[in-house]
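Kindly generate the complete structure, drawing on both the sequences and the hints.
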Amino acid sequence: MTGPIIEVRNLHKWYSGVHALKGVSLEVAPGEALGLVGDNGAGKSTLINILSGLHRQDEGEILMEGRPVSIRNPKDAMALGIETIYQYNSMVPIMSIARNLFIGREPLTVSFLGLGWLDQAKMRAESVRAIADVDLHLRSPDALVGELSGGQRQGVAIARAMHFKSKVMILDEPTNHLSVKETAKVIGFVQGLKAQGVTTIFISHNMHHVFACCERIVAMALGRIVLDKRAAETSIEEVSEVL
1355 MTGPIIEVRN
1365 LHKWYSGVHA
1375 LKGVSLEVAP
1385 GEALGLVGDN
1395 GAGKSTLINI
1405 LSGLHRQDEG
1415 EILMEGRPVS
1425 IRNPKDAMAL
1435 GIETIYQYNS
1445 MVPIMSIARN
1455 LFIGREPLTV
1465 SFLGLGWLDQ
1475 AKMRAESVRA
1485 IADVDLHLRS
1495 PDALVGELSG
1505 GQRQGVAIAR
1515 AMHFKSKVMI
1525 LDEPTNHLSV
1535 KETAKVIGFV
1545 QGLKAQGVTT
1555 IFISHNMHHV
1565 FACCERIVAM
1575 ALGRIVLDKR
1585 AAETSIEEVS
1595 EVL
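Going by the working numbering, the sequence shown opens with residue 1355, and the numbers climb by one from there.
No incorrect hints appear here.
Below, computed lysine-lysine pairings styled on DSSO-like, alpha-carbon distance capped at 30 Å:
hint: 1; residue 1: K1548; residue 2: K1476
hint: 2; residue 1: K1519; residue 2: K1535
hint: 3; residue 1: K1376; residue 2: K1521
hint: 4; residue 1: K1583; residue 2: K1521
hint: 5; residue 1: K1476; residue 2: K1521
hint: 6; residue 1: K1429; residue 2: K1519
hint: 7; residue 1: K1476; residue 2: K1429
hint: 8; residue 1: K1519; residue 2: K1476
hint: 9; residue 1: K1548; residue 2: K1519
hint: 10; residue 1: K1535; residue 2: K1548
hint: 11; residue 1: K1548; residue 2: K1583
hint: 12; residue 1: K1583; residue 2: K1519
hint: 13; residue 1: K1376; residue 2: K1583
hint: 14; residue 1: K1521; residue 2: K1535
hint: 15; residue 1: K1429; residue 2: K1548
hint: 16; residue 1: K1583; residue 2: K1535
hint: 17; residue 1: K1548; residue 2: K1521
hint: 18; residue 1: K1429; residue 2: K1376
hint: 19; residue 1: K1429; residue 2: K1521
For the record, the hints were derived by calculation from the structure and aren't laboratory data.
Here it is, written out as structure tokens:
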């Protein structure tokens, strides 16, 4: 496709009288890595929450691959191919990597009215492949997620989104509280998504991380977009000045 994979037009959102989004319009091209930056209260979290189905806009529309869509909840977003990975992602620490990778989408060996037995063998085999696809090396799909480092958990979350063929991956502060080595690994994961045709929206307070893996920078302040430039045509200093 030649048009944007996802587009928002004139989005407005109010919270108890606070105008959190003020006519935001944005296009994201297929396969693009877009960095979304802004201080607390800028509106970026509100925008992402609308795209991920946690909240609904009060005005404006969202288009996916050129057609208007209604995102009423996270299941709608996932059905459209929009996957959101939060800083504190939704994996369950006391469950295995394989179970977490398929959480909410568990394959069954026998099913009756949606009930049945989990296909453990399929989950184990496919989770091994999914993890390998993002170049993440873990000893076993049976390892508990709680035993993994922060960077490894983000890798598993990205592997899950890749396995279920997400078209747009939203990463909300994925490098927060990670070591330098772990941060480099997560940035490597993000850089690898473009080669697999996945569109990425990367949200971070850390400008260096955004510039390391994004080709376009969008800055928000007070509910509006205040800068939208190719990364090669701007700088950390310029972005910082408009925030």
